[in-house]
Amino acid sequence: MASSTSASDLGPGTALLLLAPLTVLMAAILLYPLGVTVWTSVNNGGFTLSAYADLAQSTLFLKVLRNTFEIAIGGTLMSLVIGYPVAMHLAAQPPTRRTAYLIMVMLPFWTSILVKSFALVAVFGNQGLVNQLLGFLSGGAIKLPMMFNRVGVILGMLNFLLPFMILSILGSLLSLDRRLILAAETMGAGPLRIFWRITLPLSMPGMIAGILINVTLSIGMYITPALLGGRQDMMVANLVDFYTRQTLDWTAASATAVVLLVLSGLLVALLGRVRGAAGLSEAGA
Amino acid sequence: MNELFGSSRAARRITSTLAWLCYLFLLVPSLIVIPISFGNPGQIEFPPRQLTLDLYRQFFTDPAWWGSMVQSLLVAVATTLLTLLLAVPAAYALARSRLPGRRGLQGLFMMPMLVPVIVLGLGLYLQFSSWGLLDTTAGIILAHIMLTTPYIMVSVLSGLKHSDIALETVAAIMGASRVTIFFRVVLPQLKAAIAVGALFAFLMSLDEVVVAYFLTGTQTMTLPVKMFSSIRWELTPVLAAVSTLLTVLSLLIALGIIALQRKTEASS
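Chains as they are written, first to last, in my numbering: chain A, 1 to 285; chain B, 286 to 553.
Source of the hints: derived by calculation from the structure; they are not laboratory data. Don't be surprised by glycine CBs; every beta carbon is placed ideally from N, CA and C. Possibly wrong hints are sitting among the right ones.
[Said to hold, decoys possible] Derived Cβ-Cβ restraints for the label pairs, each shown as a range:
#, chain 1, residue 1, chain 2, residue 2, range
1, A, A100, B, W518, 22 to 28 angstroms
2, B, G541, A, S50, 49 to 55 angstroms
3, B, A544, A, L192, 41 to 47 angstroms
4, A, F109, B, H447, 21 to 27 angstroms
5, A, P21, B, L306, 47 to 53 angstroms
6, B, R463, A, G272, 31 to 37 angstroms
7, A, A183, B, P473, 47 to 53 angstroms
8, B, L316, A, S175, 47 to 53 angstroms
9, A, G74, B, P473, 46 to 52 angstroms
With the sequences and hints as input, model every part of the structure.
Okay, here's the thing in structure tokens:
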């Protein structure tokens, strides 16, 4: 870009001087601790992969891994199914009204996850708003346990994931050429057919980006399962904490963290490829 | 006209019902804490049967709550200022030099955004326990500088991309020194981008819980960590007052960021 304006370019010496402090900090506070984690996972009085072998045989780890995939994939699919019509609704609004609705979608994005977790307990908990209403309507006969179990984790997850999904899909829908739909309609296509043949396929890049962002975000979730789930809903991040604080087994904690790091690294790489291919650079913004 | 659905009324009605249910689900949990916070101090109650400020009184008179709030604000302010000090010059160097390997450095600065926080929390915990930085304010500030760097980076780099490079060239040709150019030509154009990044970083640090949960102890506990253990173990109604204060603060910051972004869009 700046190939012609060399007068405003910094020399390599100045550039290094300006970059050095942050680079040193990042090496010390980001790369080094990651290195320590990897090292702790393979060092037990000498190099060994026994921590990973132990994990592969641990029923707890395998159950937690299954939970993580179930919750991450289930939460993402629900977020897709709920988020899609919302993105369509937003795309159909005139710009000023769309901005107003977008603020509602973005509000949870700006709210502290602890505030949201507390509020979800207040709304969906056993003494919460929904159960009070159900109890009132049914004369105390119905009480739905929606917190501190799988339902609670999924509700918390959806509240967190939906804005990312909605914004990704909205990006695709807004760039869709609407004359295609008018043309299809003129030629007699019904609404379902227009949706299946035009809207859905053309919004695929946004959907794929949204799915990958959601899975990446949910796979490392710690707060939501810890606060809204039960003992049965532990995810990988909670297991890292469990090994670190409860059993003080830093080797197992590190190995679990490395597994999570690799999983999310793969997802991020995949996301980068998809975004590159689709030319979507700021779907999440 | 609503071309997206063709002209089907039914399709439009179904979508808008679903959408409104979803808006409610996203909105209500963030807002419901406000009425609860003015209610009964004995238990979490909605709708509140009486209106009082008791929960706020409890919050501001209990040193465990109030102190963690002060600690959080202190950490967030220090983090924001120090991250700016480190990241703005670095972003400038990335954007205006042809140093080999600058892509790699940029990747390094963005990395905290991509690594699961629990992994960073554990790594820093292992590292800080041997460096003697556990349960220190300096430790948590260092960690938060690392975590907030990508957000300031993104904002400042995009500000530099949109700023007028010709002005810098002219200033250089007319004999202005590097330092003068940076402070008199570059920084004034970056004001809004820096402010957006700073607000983002402040909010990130203020709300950050996972890393703080690993690194802080009784001496240095931040507000999110205090809230986390409170939601987990006691679920006191004071949480509603804290949540309301935090939500109002987040909203103000969000509005500030939106206003600043509007302003930069309008001027460019």
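Of all the hints given earlier, name the ones this structure violates by number, lowest first.
1 and 8
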